[in-house]
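Going by our numbering, the sequence shown opens with residue 1, and the numbers climb by one from there.
Errors might be hidden in some of the hints.
Unchecked claim - Below, simulated DSSO-like cross-link-like pairs (lysine-lysine); rule was C-alpha separation at most 27 Å, straight line:
hint, residue 1, residue 2
1, 158, 231
2, 196, 283
3, 287, 196
4, 283, 158
If you're looking for bench data, these hints aren't it; they were derived computationally from the structure. All values derive from a computational prediction rather than experimental measurement.
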Amino acid sequence: MHTILVTGAAGFIGYHLCAQFLARGDTVVGLDNLNDYYSVQLKRDRLSQLIGQPGFRFIEADLADDGAMERVFKETAFTRVVHMAAQAGVRYSLENPHAYIRSNVVGQLNILEGCRQTGVPHLVYASSSSVYGANTRMPFSVHHNVDHPVSLYAATKKADELMAHTYSHLYGLPTTGLRFFTVYGPWGRPDMALYKFTDAIFASRPIDVYNEGRMRRDFTYIDDIVEGVIKTTDVIPKPNPHWTSEHPDPGSSRAPYRIYNIGNHQPVELSRFIEVLEHACGKTAEKRMLPMQPGDVLETYADVADLQTAVGFHPATPIESGIPRFVAWYREYHRC
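Generate coordinates for the entire structure from the input sequences, incorporating the hints supplied.
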């Protein structure tokens, strides 16, 4: 039984995590700034599923507000912090770069400081598969270097990992970073491909298909993600006794620090993803074929062996099961 701070509680992953922590009996403080990057109403609707449940309290605050974050940590003794809040989206980072520094870098610093100052036993935070950037060696492994990001969003997530390692090294703060791979499912984000495609299909609008559908993503269903995050939260990282500076392992350290991939380990071509979605919607999409966009990568593919070994992570939901569940939720939510 833990007292857990979940940041990004009104977000897609954060909402599902709050619900599952509450279901197992934990006390949860959910934090979110309810920004308007996408529908605030969707965020409030997610929160409405949580507010009123025993053990849940919501705080509206901004990660980059130093004073507000200091108060959050002083008011409650957290035994775990699960930091999911971030300014998301690769393409939006081309339009509003300052939002990414405020939320993802300054926000991460405030979380790290709060954990350090109050002795939080374990911080789990969201990184991203985007950190692999220009890497082409597949599958992506946490033991590969990730020094060539191709978007500012990816650069901020890499910075988050570096900052976490610094706090693990200097202060002994146990930190675990999770590199998420294209999460989808009910209550998902409207800026993600599945939601955008479904919106367009039901509205009889064309969908934008980049690189003519020849991109591959390691689509990972939300229930598998939540199970993996919660298992990770319960396993506090220890220093790696085999780590050496002569052959440094990027995924671990002499400090209590770990990085894991969390993905489906089954990359799917975008064209196949669209086929399954069309079948679930019962409609054929009109497709507008477009070139690759700046900041995009051709393929993502997660090596999850380390997370399997550490916590028994075993993703079990193929897109043939996950996409129809999303469409069913979409129909109910939008009454269509």
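Hints and how they fare:
1. 158 with 231: holds, 23 Å
2. 196 with 283: holds, 15 Å
3. 287 with 196: Holds, at about 13 Å.
4. 283 with 158: violated, 40 Å
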